[in-house]
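Novice: Sequence:
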Amino acid sequence: MSFKYPPDKDLRRLLRFEPDSGAIWLGDRRMVLMHTAALAALRQDLINSVGTEHARRILTRMGYASGLSDAEYAKKTRPGESVQDSFLVGPQLHMLEGAARVTPVKITFDIAAGLFNADFRCDDSWEAYAHRQKFGLVDEPSCWTLLGYASGYTSAFMGRLILYKETLCAACGADHCQIVGRPIEEWPDGEAHRVYFTDDSLMDKMEALQSQVEALKSTLEPVSLGGQLIGDSLGFRKAYTLMQKVAPTQATVLLTGETGVGKERFARALHELSNRADKPFVAVNCAALPAELIEAELFGVEKGAYTGAHAARAGRFERADGGTLLLDEVGEMPMAAQTKLLRVLQEGEIERVGGETTRKVNVRLVAATNVDLAQAVQAGRFRADLMYRLNVYPICIPPLRERKADIEPLAQAMLARFCALHGKRVMGIEERALQALRQHDWPGNVRELENLIERGVILATQAGMVEVEHLFPNQPDTAQTGLNANGQLVRLPSAQDDDLSTRILNSGSSLDEIEARVLDHAVARASGNLSEAARLLGLTRPQLAYRLKRQHASEADAPASKPAQE
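Using our numbering, you'd call the opening residue of the sequence shown number 302 and step up by one each time.
Since the hints were derived computationally from the structure, they do not count as laboratory data.
Certain hints may be false.
[Claimed, not checked] Ranges between beta-carbon positions, derived for each pair:
id, residue 1, residue 2, range
1, R718, A825, 53 to 61 Å
2, G381, V333, 29 to 37 Å
3, T337, D490, 27 to 35 Å
4, P695, R314, 24 to 32 Å
[Claimed, not checked] Derived DSS-like pairs: lysine-lysine, alpha-carbon spacing no greater than 25 Å straight-line:
id, residue 1, residue 2
5, K539, K604
6, K376, K725
7, K466, K305
8, K604, K641
9, K580, K661
10, K705, K539
11, K641, K661
12, K407, K466
13, K705, K661
14, K641, K546
15, K310, K376
16, K546, K580
17, K305, K407
18, K310, K466
19, K725, K377
20, K705, K641
21, K407, K377
22, K407, K435
23, K539, K466
All C-beta atoms, glycine included, are put in the ideal place defined by N, C-alpha and C.
Working from the sequences, and respecting the hints, build out all of it.
Specialist: Printed below as a string of structure tokens:
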């Protein structure tokens with residue numbers, strides 16, 4: 302039975318090139334072009350360093366993971382097509398990715414019954430060529446990545462482990478490679494091959510060594526970054542180290558940084574690392590309280606102090622006694638409250654509104670602000686003496702746009718949290734979406750990231766992935782290129798291109814008229830400089846001169862218009 306591949310235009314459209322960002326995409330998965338010489342050198346180093354068996358396991362699993370990834374497109378690329386055409390997405394993608402020229406010889410399968418038997422011819426396998434180039438003719442088949450890909454793709458497609466073996470290999474002297482796939486249980490030695498799809502002893506050793514490394518690191522680094530602090534960037538580590546050093550002391554700390562960088566979480570982490578961790582942590586947003594109520598909230602109120610004060614009430618300082626009090630947005634505090642706060646810091650005692658006695662309080666004060674307090678002092682909005690009292694130990698938390706290395710770990714942690722919160726199973730964040738997160742400017746910092754990830758979890762399909770459209774629904778199209786039928790790179794149309802084309806078609810002008818207008822406009826913009834106009838149009842100067850000459854000739858040949866009748 303002869304097999305004919307369906308057209309692969311739908312698959313070539315998945316492969317997109319973004320010259321500006323330096324990324325290549327297959328659908329929503331990032332790809333990379335690598336020299337086969339480099340892959341051959343890596344293969345040689347693996348074999349020489351860990352041995353043939355371990356190298357085979359590593360490369361087989363690498364191919365297996367690639368096959369699993371491509372199988373996702375088989376399930377959604379050709380809806381409504383025959384099962385065979387859907388299955389052939391895998392071999393077609395493998396050819397598009399440059400692995401080999403794959404020709405189906407025999408395919409028999411029944412997904413519902415779990416039956417599968419297939420035979421493929423593979424010509425020009427890069428892997429066989431690379432192995433033969435480094436090691437000469439060998440006795441054992443060597444296309445391990447190719448076998449891993451076929452096994453991973455077919456296993457995902459069938460829903461059970463399908464094992465492929467290589468019956469012919471160009472690395473052994475054959476003129477092509479041949480692979481045969483069947484369920485692993487149908488191979489007499491199938492169980493002996495299962496090891497290529499599971500962790501091996503080398504991985505166990507590496508995990509054991511990793512455990513030892515983590516144990517050693519735990520003696521040098523904190524076990525947990527308290528208060529849900531996550532980050533590994535230089536700026537984050539600097540701020541965390543400063544916070545870690547001051548935590549055991551009683552010093553007043555001033556946290557500065559833009560809105561949304563996580564100042565309250567740093568304050569909570571400081572409290573958890575201090576010797577006050579078993580005492581209360583109380584936070585108050587000074588900007589959220591009306592000016593006439595802020596003193597009552599901070600220092601408490603006695604019964605009858607003002608209309609509506611039917612009972613005595615403790616303020617935030619008293620509630621935080623023995624623990625930590627966070628004054629968030631302290632730069633927005635009214636001047637009258639600033640005066641009272643200064644006295645509390647100096648004397649260590651508070652007086653309730655309407656009260657006549659003072660109360661001793663033992664509070665570790667942490668202030669946070671996105672306001673430049675020095676400028677606020679100059680503008681007369683903040684007391685200079687209070688600023689000096691608060692600015693004992695300043696910690697500046699950098700904005701998220703300066704902490705690019707923290708974006709992905711933060712996003713992954715938020716993803717797990719929101720999946721649990723909303724009772725939803727999401728497999729992860731697509732690479733394209735991660736790239737969009739890394740390229741975003743983050744005016745809202747960590748709080749904005751949190752909002753985006755929660756939105757992504759809500760919009761993602763059950764058991765699906767968070768895609769870039771879920772995070773940035775209004776993101777503009779970027780210039781991309783793809784492959785045409787001849788394998789050449791061409792610019793792919795964007796939504797803006799489609800809109801421009803629609804407006805041109807609706808204008809009613811002919812193609813010659815449109816070209817003439819564009820040429821004249823370019824020459825006018827360049828002030829008559831043809832070289833500059835040619836650059837604007839992406840033409841050479843001779844090409845532009847030829848088009849202008851042709852345009853003028855056609856205008857001269859056009860019939861003269863009738864004279865106006867008097």
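Novice: Now tell me, hint by hint, if it's right for this structure.
Specialist: Okay, the hints, checked on the actual structure:
no., hint, verdict
1, R718 with A825: 53 to 61 Å, "holds (58 Å)"
2, G381 with V333: 29 to 37 Å, "holds (32 Å)"
3, T337 with D490: 27 to 35 Å, "holds (31 Å)"
4, P695 with R314: 24 to 32 Å, "violated (53 Å)"
5, K539 with K604, "violated (47 Å)"
6, K376 with K725, "holds (22 Å)"
7, K466 with K305, "holds (23 Å)"
8, K604 with K641, "holds (20 Å)"
9, K580 with K661, "holds (16 Å)"
10, K705 with K539, "holds (15 Å)"
11, K641 with K661, "holds (14 Å)"
12, K407 with K466, "holds (15 Å)"
13, K705 with K661, "violated (45 Å)"
14, K641 with K546, "violated (29 Å)"
15, K310 with K376, "holds (16 Å)"
16, K546 with K580, "holds (20 Å)"
17, K305 with K407, "holds (12 Å)"
18, K310 with K466, "violated (30 Å)"
19, K725 with K377, "holds (22 Å)"
20, K705 with K641, "violated (41 Å)"
21, K407 with K377, "holds (24 Å)"
22, K407 with K435, "violated (32 Å)"
23, K539 with K466, "violated (53 Å)"
In the structure shown, a violation is registered for the earlier hints numbered 4, 5, 13, 14, 18, 20, 22, 23, in ascending order.
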